[in-house]
Amino acid sequence: MLTISQLQFTWPKSSPPVLTIPKLHIARGEHVFLHGPSGSGKSTLLGLIAGTLDCQQGVIEIAGTNASALSHGQRDKFRADHIGTIFQNFNLLPYLSPIENVTLGCEFSKKRRQNISSQNKSLEQEAKLLLSDLGIDEHTQQRSVGELSIGQQQRVAAARAFIGRPEIIIADEPTSALDADSRDGFIKLLFSQAAVYSASILFVSHDKSLAPLFDRQVSLPDLQRGAPLC
Amino acid sequence: MLIKLAWKSTLNRKASVALTLVTIAISVMLLLSVERIRQDAKSSFANTISGTDLIVGARTGDIQLLLSSVFRIGHANNTVQWQSYEYIKAQRGVAWSIPISLGDSHKGFAVLGTDASYFSHYQYAKKQHLTFAAGRPFHNGQEVVLGAMVAKKLGYQLGQKIVISHGVGNTSFHHHDDNPLVISGILAATGTPVDKTLHVPLSAIESMHSTGHSKPSRMIAQKQDATHHEHEHEHEHEHEHEHEHEHEHDSKNNSALLHNLDSKPGDLIGSTKQITAFLLGFDSPLYTLQVRRNINQYKGEPLLAIMPGVTLRELWEMLDIVEKILLLITLAVVLISLLGMLTSLLATLNQRRRELAILRSVGARPWHIFTLLISEAIFITVLGCIFGVALFYALLIAAQSGLQSQFGVVLSISALSTYELMLLSVIIGAGTLIGAIPAARAYFYSLADGMQIKT
Chain S
559 MLTISQLQFT WPKSSPPVLT IPKLHIARGE HVFLHGPSGS GKSTLLGLIA
609 GTLDCQQGVI EIAGTNASAL SHGQRDKFRA DHIGTIFQNF NLLPYLSPIE
659 NVTLGCEFSK KRRQNISSQN KSLEQEAKLL LSDLGIDEHT QQRSVGELSI
709 GQQQRVAAAR AFIGRPEIII ADEPTSALDA DSRDGFIKLL FSQAAVYSAS
759 ILFVSHDKSL APLFDRQVSL PDLQRGAPLC
Chain V
46 MLIKLAWKST LNRKASVALT LVTIAISVML LLSVERIRQD AKSSFANTIS
96 GTDLIVGART GDIQLLLSSV FRIGHANNTV QWQSYEYIKA QRGVAWSIPI
146 SLGDSHKGFA VLGTDASYFS HYQYAKKQHL TFAAGRPFHN GQEVVLGAMV
196 AKKLGYQLGQ KIVISHGVGN TSFHHHDDNP LVISGILAAT GTPVDKTLHV
246 PLSAIESMHS TGHSKPSRMI AQKQDATHHE HEHEHEHEHE HEHEHEHEHD
296 SKNNSALLHN LDSKPGDLIG STKQITAFLL GFDSPLYTLQ VRRNINQYKG
346 EPLLAIMPGV TLRELWEMLD IVEKILLLIT LAVVLISLLG MLTSLLATLN
396 QRRRELAILR SVGARPWHIF TLLISEAIFI TVLGCIFGVA LFYALLIAAQ
446 SGLQSQFGVV LSISALSTYE LMLLSVIIGA GTLIGAIPAA RAYFYSLADG
496 MQIKT
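For the protein sequence lines, the chains are S and V, in the order given.
The numbering of the first sequence is our numbering, which starts it at 559 and goes up by one.
The numbering of the second sequence is our numbering, which starts it at 46 and goes up by one.
Hints are not guaranteed to be accurate.
Stated by the list, open to error - Simulated pairs of lysine-lysine, BS3-like, Cα-Cα distance not exceeding 25 Å:
1. V:53 with S:635
2. S:668 with V:53
3. V:134 with V:198
4. V:241 with S:686
Unchecked claim - Covered by chain S, per the in silico footprint, the following chain V stretches (three or more residues, Cβ under 8 Å):
5. 313–323
6. 393–403
Said to hold, decoys possible - On the chain V side, residues computed to face chain S include the following (Cβ under 10 Å):
7. 46
8. 48
9. 49
10. 53
11. 108
12. 347
13. 406
14. 409
15. 416
16. 485
17. 489
18. 494
19. 496
Because the hints were derived from the structure by calculation, they are not lab data.
All C-beta atoms, glycine included, are put in the ideal place defined by N, C-alpha and C.
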């Protein structure tokens, strides 16, 4: 699903490369835990995969497409079609309802809208279904975003990432604001939903205690040194 | 989609957006009001007199003569001898003439002494003649014809008797209270200073002054208050040195008073010696320049003849710089309000970087972000303009009567003119340009930040 080979990235005006990844492969439906200390280049790697940063050297292949060879505009479109994202915090637009926040995931992607319409469902129906599957009841779906708890907000963000069946979900420390119980519950919900959609998950965190929940864990510093993957 | 997002995002920042809207709306209202008043004041002035070829008065400035004789602004310092008037109006080519004698007032409204030619030859706007809403022209020195606004404001009706004061202004202490005049006619509204004028025969002016000036001046208490609107019975209070000669009437007395108006046309001129100015109309425009030259070289006394159109143009040229400065000031106010919007958008932009990152994560391209931001600026500017136009019309309605009564400027409550729509387009264009600054900044933020939320 995701294959990175011979990737190297250097920030402008900074001589040593911040990221050097000889090889990384994530299979379809695989849940990978990527960890590393602050400043190790986790966010940079996510930016490169999502296509907001230019890949200077190497290849990033996602769902059979060499994403690193695409233009800026093509990468934006590719991201909208194939990648769902969950952020650490502040995931939702405060002026949209929970359902509008979920359907926002399809607004810039024709492919994701088609994925939904091919199942004879409307965007709103799909959003409601996803929210219900992720434990947001109908009453909560009608409330304003500002009234939702952090946990509920993260689940709405997860629904937005999954809507339209993107092939890969990037989660950037989405549980850091949750307590241990909520955190485990959220990850399990994420996995169950990923299983329904056969989506791969690249979960980034510095909290190694989460690692056992995943199919595989990757240490970014080890990855950069070319060490064998766990 | 982007428009919907822009709209919802704008609504989400109600307080700051509302403040920006208010400042834009007020500045738009100010700009439109200044422009409308400027245009309408110009057309009000231009409409005041038409069909008059020359205005003749004692030698003074061209503009001063025009303002004092037609617009009742300022005073004429000197007079024209009656014999000069008689001589000039007998010149070849003179089709008609209207003598004008100013200087008296009634409750702040100007009193104009003239003769019957005023009602047949005076023209305003597009060569329209004066018409009577009620009654008829004066027939003798005891009758007065009111302008529409005088009758309306003071609640006067046909047949009522009124007293004229000497001098102009609202609080004249010298009343010609021994010469009460009967209202014989009320003119239809013209939207010109005629509406604010009381017209009396020259003989009335003369008789008032000959009697009034022969007696010691008397201090008359201002007893003419609003009560005369209330149809009280006619009272007459006479004291040794104080007279209240304003007669009230009610509907019962109306017919009796109107009976008094069965007068026959009589002497309107009397033995008038001086007038303030006179208006001349010619059989052919060819005579205008020739007679004008003759008048300006008249040996009998120093006189000045002006062509109203030319002098009005000189007046506009003189006021042009003031108009331009006024326009510049209002445009500066509009610019300041738009800069207020810029400040507000820029101030919130940093807080909105996470919003931009979320949009980028779902596939929004930098130009989407640019469009979103600029759409917000356009929304705010357009809404500000809409509210500004609403405020402008509210102000027009509120100020209409005041401006007409105080300055004789008739405001037209009409749809926005092409020029005003063009001004609004310029404001919206400027708002869009100014909105492009935060939009461009957001564009570059979104390029640099990508999906990393930096708050």
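The hints, checked one at a time:
no.: 1; hint: V:53 with S:635; in the structure: holds (24 Å)
no.: 2; hint: S:668 with V:53; in the structure: holds (23 Å)
no.: 3; hint: V:134 with V:198; in the structure: violated (36 Å)
no.: 4; hint: V:241 with S:686; in the structure: violated (72 Å)
no.: 5; hint: 313–323; in the structure: violated (count 0)
no.: 6; hint: 393–403; in the structure: holds (count 4)
no.: 7; hint: 46; in the structure: holds (5 Å)
no.: 8; hint: 48; in the structure: violated (12 Å)
no.: 9; hint: 49; in the structure: holds (9 Å)
no.: 10; hint: 53; in the structure: holds (4 Å)
no.: 11; hint: 108; in the structure: violated (60 Å)
no.: 12; hint: 347; in the structure: violated (77 Å)
no.: 13; hint: 406; in the structure: holds (4 Å)
no.: 14; hint: 409; in the structure: holds (6 Å)
no.: 15; hint: 416; in the structure: violated (12 Å)
no.: 16; hint: 485; in the structure: violated (17 Å)
no.: 17; hint: 489; in the structure: violated (13 Å)
no.: 18; hint: 494; in the structure: holds (8 Å)
no.: 19; hint: 496; in the structure: holds (5 Å)
Checked against the numbered hints above, the structure violates hints 3, 4, 5, 8, 11, 12, 15, 16, 17; every other hint is satisfied.
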